[in-house]
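Enquirer: One letter stands for each residue in the lines below.
Number of protein chains: 2
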Amino acid sequence: MTAIVVGYIPKPEGRAALRRAAEEAKLRGARLVVVHSERSGRDLADGEVETEDAQLEVARKELADAGIEAEVRQLARGADVAEDLISVAAETAADFIVIGLRRRSPVGKLILGSNAQRILLDAPCPVLAVKADDAADQGGA
Amino acid sequence: MTAIVVGYIPKPEGRAALRRAAEEAKLRGARLVVVHSERSGRDLADGEVETEDAQLEVARKELADAGIEAEVRQLARGADVAEDLISVAAETAADFIVIGLRRRSPVGKLILGSNAQRILLDAPCPVLAVKADDAADQGGA
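First to last, the sequence lines map onto chains F and L. For the first sequence, counting from 1, position 66 maps to 66 in the numbering used here; every step adds exactly one. For the second sequence, counting from 1, position 4 maps to 1004 in the numbering used here; every step adds exactly one.
Treat the hints as calculated values from the structure; they're not laboratory data. Note that the structure is a prediction, hence the values are computed from the model and not measured. Yeah, the Cβ is synthetic: ideal placement off N, Cα and C, and Gly gets one too. Treat the hints with care, since some could be wrong.
Selected chain F positions facing chain L (Cβ under 7 Å, derived; list incomplete) [said to hold, decoys possible]:
hint, residue
1, T92
2, L112
3, L120
4, P126
5, V127
6, L128
7, A129
8, V130
Please put together the full structure from these sequences, using the hints given.
Expert: Take a look at the structure:
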């Protein structure tokens, strides 16, 4: 059985990636493997960690309600997001990886994060890059 | 009817992108719009231009044999590949754009081309990035 691997962070681009990955998994009858990266523990108070866990739980429940069985892997804090996604993709022989991209900054600065670049270049499979609000602003270039 | 837009160049990564785009179009019953970029006329002798046209014709025939109706748009020489793909994606309300990426150089230099970066960041829809030989080296990281 083929797999779709998605990098999830509790931010708009992470939710957009998860939504799209779920649609793609459903479309092709693939299993969905969610790699969940918490932000660094140093940046978070205890309450925030709970919030992240709760958000992931909400996401997991939404997937279950949509009839999609998702396997969630928690990425250890401090682990390398790009390497982890790449190794999970290799291990599961993923059909593709879905990642979320931030939109351009308001001043239009063109920056693709280093993690995104590494995943795009080093993944053993194709990578689907999704931006937040893709559904909302289709048609605008 | 939804559309898959693919940027095609007669190189291994362009062929890989076209192959994958055709599979995705078939999977979801979408139309396939191929945006064909020739290399700059200045860099090519007349015979080479004919070769490029012949290669595109071969690709088109392969698609037709696979039962996939593709619309091929020729990108004028000197036109901007990224802008053209983005505007075709907006015009066709594309489900996603498929682009081919070159592999890392043998010395492992990490470079994502500026066209690829612009398409990833500015496209009105998700972007599927495919590398050459993806089928051949699945599982290797």
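Enquirer: Look at each hint and say if it fits the structure.
Expert: Comparing the hints with the structure gives:
| no. | hint | result |
| --- | --- | --- |
| 1 | T92 | 10 Å, violated |
| 2 | L112 | 5 Å, holds |
| 3 | L120 | 5 Å, holds |
| 4 | P126 | 5 Å, holds |
| 5 | V127 | 5 Å, holds |
| 6 | L128 | 5 Å, holds |
| 7 | A129 | 5 Å, holds |
| 8 | V130 | 4 Å, holds |
Checked against the numbered hints given earlier, this structure breaks only hint 1.
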